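Student: Listed below are the residues making up each chain.
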Amino acid sequence: MKKLKNSILQIILAIIVILALYACGQSQKEEHTPSPPITKAPPEPIIQEKLVSHPVTKKTRQTYQWYCTQCHGVKGKGDGINSPHVTVPPRNHTKASYLETRSDQELFDAISEGGLKIGRAPCMPSWGNTFDKETIWSLVRYIRELCKCEAV
Amino acid sequence: MKKNTKLLFLFLCVAFTNHLFNTAAYCQTIAEKLGCLECHRFSSSSDEKNRTAPDLFFAGDKFKKKWLVDFLQQPEIVRPGGFTLDPNFLTGAKIKGHQSVTEEEANQLADVLMKLTLKGFSKGIIDNIPLSKGKRAKSKIKFERTYGCTACHQAINLARKPRGGISGPSFINAGNRLQGDWIYDKLKNPRKYEPLSRMPIFKLSEEDFVSLTKYVLSQKKENIR
Numbered sequence: 001m002k003k004l005k006n007s008i009l010q011i012i013l014a015i016i017v018i019l020a021l022y023a024c025g026q027s028q029k030e031e032h033t034p035s036p037p038i039t040k041a042p043p044e045p046i047i048q049e050k051l052v053s054h055p056v057t058k059k060t061r062q063t064y065q066w067y068c069t070q071c072h073g074v075k076g077k078g079d080g081i082n083s084p085h086v087t088v089p090p091r092n093h094t095k096a097s098y099l100e101t102r103s104d105q106e107l108f109d110a111i112s113e114g115g116l117k118i119g120r121a122p123c124m125p126s127w128g129n130t131f132d133k134e135t136i137w138s139l140v141r142y143i144r145e146l147c148k149c150e151a152v
Numbered sequence: 153m154k155k156n157t158k159l160l161f162l163f164l165c166v167a168f169t170n171h172l173f174n175t176a177a178y179c180q181t182i183a184e185k186l187g188c189l190e191c192h193r194f195s196s197s198s199d200e201k202n203r204t205a206p207d208l209f210f211a212g213d214k215f216k217k218k219w220l221v222d223f224l225q226q227p228e229i230v231r232p233g234g235f236t237l238d239p240n241f242l243t244g245a246k247i248k249g250h251q252s253v254t255e256e257e258a259n260q261l262a263d264v265l266m267k268l269t270l271k272g273f274s275k276g277i278i279d280n281i282p283l284s285k286g287k288r289a290k291s292k293i294k295f296e297r298t299y300g301c302t303a304c305h306q307a308i309n310l311a312r313k314p315r316g317g318i319s320g321p322s323f324i325n326a327g328n329r330l331q332g333d334w335i336y337d338k339l340k341n342p343r344k345y346e347p348l349s350r351m352p353i354f355k356l357s358e359e360d361f362v363s364l365t366k367y368v369l370s371q372k373k374e375n376i377r
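Residue numbers (this note's numbering), protein chains in the order written: chain S, 1 to 152; chain A, 153 to 377.
Read the hints as simulated data drawn from the structure, not as lab findings. Quick caveat: nothing in here was measured; it's all calculated off a predicted structure. Do not take every clue at face value.
Example chain S residues on the side facing chain A (calculated, C-beta under 7 Å, incomplete) [unchecked claim]: (1) 63; (2) 67; (3) 82; (4) 85; (5) 86; (6) 118; (7) 122; (8) 125; (9) 130.
Glycine included, every Cβ here is placed at the ideal spot set by N, Cα and C.
Chain A extracted, bound-state conformation (with noise of 0.2 Å):
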């Protein structure tokens, strides 16, 4: 019985998110059986207040679904200096273990995740191009040093190894987390997601904010050594 009316919020989840109402009301509810709305707000509309964890009401124009899939069974830490809006965060807030689902439920919440998108989100801007060698090079000096993104986010380095800040979330895995449109847009518009960024705005040339977007997605974990 309890399965089976789960499975019906999924299908009511899943059938009206495109249709009659805004995803809210109902693909919370797997969300809220298992707690995940005590921390994240699922909608824009939720109360500001006491926010513990990132927002995921854009879910669905950040996250690769896959890494999302992957994640809630196995978590890893994205933000080694937690998450910037604890109260604890400036004196060294240690990033608890995430909870974990299985892997059916994740399947679910994946679904669910990549809903949540927002209203006139611009796709397309990123290709799925890699940058050639020569203009990696170039990206990544830009990243490390004229911009200095290094000292508030982790990279891989030349020895392969992470490096860098902890105040902002780690890049190591971004290429397997993150999708080029978004990382393009929170760099142009840090604020849009985080009203209480904590990051400065850059104002970059167009051609620049394209090649540190994809210097960011060419970070991928298994690069690591």
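With the rest of the complex left out, here is chain S (with noise of 0.2 Å):
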């Protein structure tokens, strides 16, 4: 009896560090490869027309700055307070190479989902609740300044 209670409860252990190599701001480095470019259906219409209507205003880059930065960084470099303690560390906005990989309505959910819904790491929180689906599409046209790239 006592031995079946053991190896459960190892059974659990085993379970609960497994899954805790893939929480977020654990000690261990992983090796952070971000999966390949996925070719999709071109842009319908309907986002154009959001891109035009939500333009970067001064309170997007207020928005950034306040909140975004904490992991981001100050110049969206992906080097913020947070990004040493992380283990995942933060996008680079300002790569290109990356971001043209990624489409506006994709950089969209990431933020308004958080990274775990969208395949990626968990430090990247969702922030849905937090801004209006107007300031996220800023914030995504804000990224689309800092890396001077468009989804291709």
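Got two chains here, separate frames each, mind docking them using the hints?
Tutor: See below:
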């Protein structure tokens, strides 16, 4: 009986250890390779319309500076004060070669839903309850300004 | 003479807090003398500008008294990344060591601080029953993975070492420091206690609000190896 209890405990422990490896903020640095770009159908016109109607304003920049910089750094280079302490480094928003591979909708979802929901690291929190959609679209546009790039 | 006036103020402070006056006027005296008000707000009506330290006008809802008494004598660093409103916060402001006071002053100040409470603050939502082992493991995953709290807050990991981001206050001693009901309310309404909060708003199930609160409460510095 005791033996059974012990082995159950061991299994639970093993599961916890495995899960913890995927957590955010653990000590061990994992090599992080972004998954290859997925070919998608050309963006629908509705997205084009959204881009035009959500320009980057002073408020957009302030929002980025207040919240996102904690991890992404004041210039968006992924070197914010939390960056040495998270398992997966915050994305460098000035890196065109990566951001070109992401559509605006994908960036929108990453900001709104957080990293975990879009198959990225959980250290990227979800901001969908903090900002309205308009603000999040304008943040997407601001990231496009930072990388000086568009989705290809 | 000086000591007597100090004691008199303390008496007035304790005597009137629950009665005629709002805490502010009398209770500020000892805090004022020791310079606390130069950085902290002990009343919500104090000047909003130039806040250089966390607000304390809800200290009685937020802190455990014993922690206050200890902290004021032997301060520990709570915000390794500095205070969020510090102009150098984002470029790596390092927190300066906090001023320390004598045992007697610490006790007096803790009495004063524990009287600073908000009207209508709900107590008794978080009971004292710790999470079961299984629930604790689940909550740990929620804290570290599902909601990514560790990206901004330090907590104790499986190897019993402090790990995590530094932009939010560290939780490695939160169980000794904070009251459960306050953590719960802060999580639900981050902007109520810091209008300029840098924390995301989380819309969680009631169960998750409670279990994350209890997970934070389980963090104590004695558990660090």
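Student: Confirm or reject each hint.
Tutor: Do the hints match the structure? See the list:
1. 63: Violated, about 11 Å.
2. 67: holds (6 Å)
3. 82: Check passed: Cβ of residue 82 (chain S) comes within 4 Å of chain A, closer than 7 Å.
4. 85: This interface hint holds because 5 Å falls under the 7 Å limit.
5. 86: holds (5 Å)
6. 118: violated (13 Å)
7. 122: With a closest approach of 4 Å, the residue 122 (chain S) hint holds.
8. 125: holds (5 Å)
9. 130: holds (5 Å)
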